[in-house]
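Undergrad: As you go down the protein sequences, you meet chains A and B in turn. Residue numbers are given in the working numbering: position 174 of the first sequence equals residue 174, and the series is strictly consecutive. Residue numbers are given in the working numbering: position 21 of the second sequence equals residue 297, and the series is strictly consecutive.
If you are wondering where the hints come from, they were derived from the structure by calculation, not from laboratory data. Cβ atoms here follow ideal geometry from the backbone N, Cα and C, with glycine treated the same way. Do not rely on the hints blindly, as some may be mistaken.
So these bits of chain A aren't anywhere near chain B, every CB distance computed over 12 Å [to be verified]: (1) Pro32; (2) Arg78; (3) Gly86; (4) Ala98; (5) Lys239; (6) Ala263.
Which chain A residues face chain B? A few, computed with CB under 8 Å, are given here [to be verified]: (7) Arg119; (8) Phe139; (9) Thr141; (10) Leu146; (11) Lys167; (12) Trp171; (13) Glu254.
Pairwise CB distance ranges (calculated) [to be verified]: (14) Ile257/A to Pro314/B: 30 to 36 Å; (15) Pro314/B to Lys167/A: 31 to 37 Å; (16) Gln42/A to Pro510/B: 36 to 42 Å; (17) Pro344/B to Ile257/A: 49 to 55 Å; (18) His347/B to Pro83/A: 48 to 54 Å; (19) Pro109/A to Lys521/B: 44 to 50 Å.
Residue strings, one per chain:
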Amino acid sequence: MRNRCVGVLVAAVLLPALAAGQEGGEKRWDPPRTRDGQPDIQGYWSQRSDITTYSIQAGLEDRAEHVSIGGQNPQKGRPIIDPADGMIPYQPWAAEKAKMHHAVHRKPPSPDLLDPVSRCFLEGVPRIVYQGNMRVLQFPTYIVLLHEFGHHHRVIYLDGRPHVPDKLKLWMGDSRGRWEGSTLVVDVTNHNDRTWFDIVGSFHSDAMRITERWTFTGTDRLDYVATIDDPTVYTKPWKLHVQLGRNKPEEQYESAICEGNKAVHVAFGLPFEDQK
Amino acid sequence: MHRRRPRRAARATAVLVFVFAFLHALPGAQGPAEPAIPRGADGRPDLSGIWQVMNGAAWNIEDQNAAPAPHSAPWLGIPANRGVVEGGDIPYQPWARTKREENYKNRLRLDPEVNCYLPGVPRLTYMPFPFQIVQTPTYIAVLYEYVHAVRHLYVDGSAHPEGPIEWWLGDSRARWEGDTLVVSVRHFNADTWFDRAGNFHSEEMQLTERYSFVDRDTIRYEVRVEDPKVFTRPWTMSMLLYRRKEPNVQLLEHECYAFDGVAVGTRPQDRGR
Numbered sequence: 001m002r003n004r005c006v007g008v009l010v011a012a013v014l015l016p017a018l019a020a021g022q023e024g025g026e027k028r029w030d031p032p033r034t035r036d037g038q039p040d041i042q043g044y045w046s047q048r049s050d051i052t053t054y055s056i057q058a059g060l061e062d063r064a065e066h067v068s069i070g071g072q073n074p075q076k077g078r079p080i081i082d083p084a085d086g087m088i089p090y091q092p093w094a095a096e097k098a099k100m101h102h103a104v105h106r107k108p109p110s111p112d113l114l115d116p117v118s119r120c121f122l123e124g125v126p127r128i129v130y131q132g133n134m135r136v137l138q139f140p141t142y143i144v145l146l147h148e149f150g151h152h153h154r155v156i157y158l159d160g161r162p163h164v165p166d167k168l169k170l171w172m173g174d175s176r177g178r179w180e181g182s183t184l185v186v187d188v189t190n191h192n193d194r195t196w197f198d199i200v201g202s203f204h205s206d207a208m209r210i211t212e213r214w215t216f217t218g219t220d221r222l223d224y225v226a227t228i229d230d231p232t233v234y235t236k237p238w239k240l241h242v243q244l245g246r247n248k249p250e251e252q253y254e255s256a257i258c259e260g261n262k263a264v265h266v267a268f269g270l271p272f273e274d275q276k
Numbered sequence: 277m278h279r280r281r282p283r284r285a286a287r288a289t290a291v292l293v294f295v296f297a298f299l300h301a302l303p304g305a306q307g308p309a310e311p312a313i314p315r316g317a318d319g320r321p322d323l324s325g326i327w328q329v330m331n332g333a334a335w336n337i338e339d340q341n342a343a344p345a346p347h348s349a350p351w352l353g354i355p356a357n358r359g360v361v362e363g364g365d366i367p368y369q370p371w372a373r374t375k376r377e378e379n380y381k382n383r384l385r386l387d388p389e390v391n392c393y394l395p396g397v398p399r400l401t402y403m404p405f406p407f408q409i410v411q412t413p414t415y416i417a418v419l420y421e422y423v424h425a426v427r428h429l430y431v432d433g434s435a436h437p438e439g440p441i442e443w444w445l446g447d448s449r450a451r452w453e454g455d456t457l458v459v460s461v462r463h464f465n466a467d468t469w470f471d472r473a474g475n476f477h478s479e480e481m482q483l484t485e486r487y488s489f490v491d492r493d494t495i496r497y498e499v500r501v502e503d504p505k506v507f508t509r510p511w512t513m514s515m516l517l518y519r520r521k522e523p524n525v526q527l528l529e530h531e532c533y534a535f536d537g538v539a540v541g542t543r544p545q546d547r548g549r
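Working from the sequences, and respecting the hints, build out all of it.
TA: Put into C-alpha cells, the structure is as follows:
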C-alpha cells in the first residue's frame, strides 16, 4: 500500500517534468560537449524502463505470457505515456486487426502472422530502442547507433539533407536529426509496413512517421520519447517513452540471428535443413 | 649575344617558379609521391565514407568468362572478370580443389548466399553493395548495406579473445602501420564461402587485411589468406574500393533473407506443407 502511494507520487512528479522536457527543451542539466559543440551522447546505453518486446500495451495477461515463454521477468514498464490509458489509439478496423494478431500469435496460420523479429527480420523503430544494448558514435554531420541485437545499425544524418524519396521503404526507416538544446530530435520516415512494435502484433502502416526526442537529463540518463503518427491506422498520434541508462564500455559480440534460425520451422512443422 | 643568355635563363627560371607556385597552390596537387588523403584529428588516414568495389569478385575471385547466370533468368548473365587472386589461381590442396568443384556444381543449393546469411570476410567487402566506414581513433565500425552487417574493428591495442570461437565475420583487431590500416581477423566458422563459384575455407582461416589510400577517393584493399587445412600456402587477394560520391549518397537496405521466396516458410520447398 505504502509502496503504491510512493509510486503514484513519483509518477505525479516525474510525468509533468518529462512533459516539460519534451515541449520546451528546458535545460535542467548541461551535458558535456563534443569538439564541434554537440551534447556528447557517445557511449553505451540500454533501457531501464522494464519494457519487454512482448507487448507494449502491457496487459496483465501479456506479462504472464512473457514469463511463461521466455522465463523472463514480468514486465512492469508501461511504455505508452500518451494516451493516458497506455493503449494504442487504433481506428476501429485496425483494432480488429490487432486483436486478430494477438489471438493467433501463439499459433499463427501463416508466416506473415508470426512476429517478424522471431523470423529474424529487422526490429524497426522504435522497437530496437527497447531491445538490448546500443553504442552511440557521434560525428559533426551524423550520429551512428549500433545495436548489438541482430547487428542493427542506424545512421542519423544531421547535415540537413532531405529524406530519401517516398517510394523507398526501409525496415529501419530514414533518419534525419537536429539538436534542440540538449535534445536530439530525429524525424524517422520511409518505414515499410512489415515491422511490429511487439510480439503480439501491435502494428503500423508504411505511412507511419516518427519523431524521436532523445533528451539528456544527466550524465548517465537519456529519456527517449517517440511520437508515432500514422493517420491510416490510428485516430491520433501517440507517445512511447523509454528511459535509457549508461552502461560500462563493452565490446559487442556477433549476434547472428538469421543464421540457423529455426523459429519458422518449429512454428510450421518444416523439416530442418541438413547440417553441413 | 653573350649578355642575353643569363637574362633569358633568369626569365625561364621565373616562369618555372611561377608555374610551380601555381601548381602547388592547387588543392591536392602535391606531386605524385604523396597524394593528399583525408586525415582525422589524430593525423591518421580517415577512411570514413561510403565505399564499393567495381569488380566481379562476388561471382568468382578467380578469372571468370561471361556465362549464363545460374538462375531462371540466364540472360542476366555473369560478367567476364579478371580474378583478384594474386598470381592467378588459389593454391588449394588436391582434396580441396575437388571440393571446390563440387561446391560449384551444387552452388544453387550450397552457397550460403542463397539463404542470405552473413557472407563472411572478405566476401562481405566485395559483395555488389556499398558499405560505410565510420572511424574514431580507437574503434572503426564498418556498416554494410547487404543484410545490415556490421564489422567492429578495434584499434585500441587489444588482442583477439581466446578461442575457439566460430563467428560468421570473425574477430577483428586493427593497428596502423604508417598510413596503412592492418586488420588481423580470426575466429571464423567453416560455413562461409569466398564467392558464388564455391571457393571456400575452413574454420582455421586467418586473415590479414590491409587498407591504404591510393588517392583520396580510392583505397587499395589487400587480404592475405592463411588456412593450412585447405591451402598449400598463404595467398593474397587485391582490389580497389571506390568512394561513392553521388550527392547525399547513403546506405539503403538489402534484407534479402526477408524476401518472399527466401524467407523460411515462403521458399519453394516450403510450399504445400
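Undergrad: Compare the structure with each hint and give your call.
TA: Here is how each hint holds up against the structure:
no., hint, result
1, Pro32, "holds, 16 Å"
2, Arg78, "holds, 30 Å"
3, Gly86, "holds, 30 Å"
4, Ala98, "holds, 22 Å"
5, Lys239, "holds, 27 Å"
6, Ala263, "violated, 8 Å"
7, Arg119, "holds, 6 Å"
8, Phe139, "holds, 7 Å"
9, Thr141, "violated, 10 Å"
10, Leu146, "holds, 6 Å"
11, Lys167, "violated, 12 Å"
12, Trp171, "holds, 6 Å"
13, Glu254, "holds, 5 Å"
14, Ile257/A to Pro314/B: 30 to 36 Å, "holds, 35 Å"
15, Pro314/B to Lys167/A: 31 to 37 Å, "holds, 33 Å"
16, Gln42/A to Pro510/B: 36 to 42 Å, "holds, 38 Å"
17, Pro344/B to Ile257/A: 49 to 55 Å, "violated, 35 Å"
18, His347/B to Pro83/A: 48 to 54 Å, "holds, 50 Å"
19, Pro109/A to Lys521/B: 44 to 50 Å, "holds, 49 Å"
When the structure is compared with the earlier hints, violations turn up for hints 6, 9, 11 and 17 and for no others.
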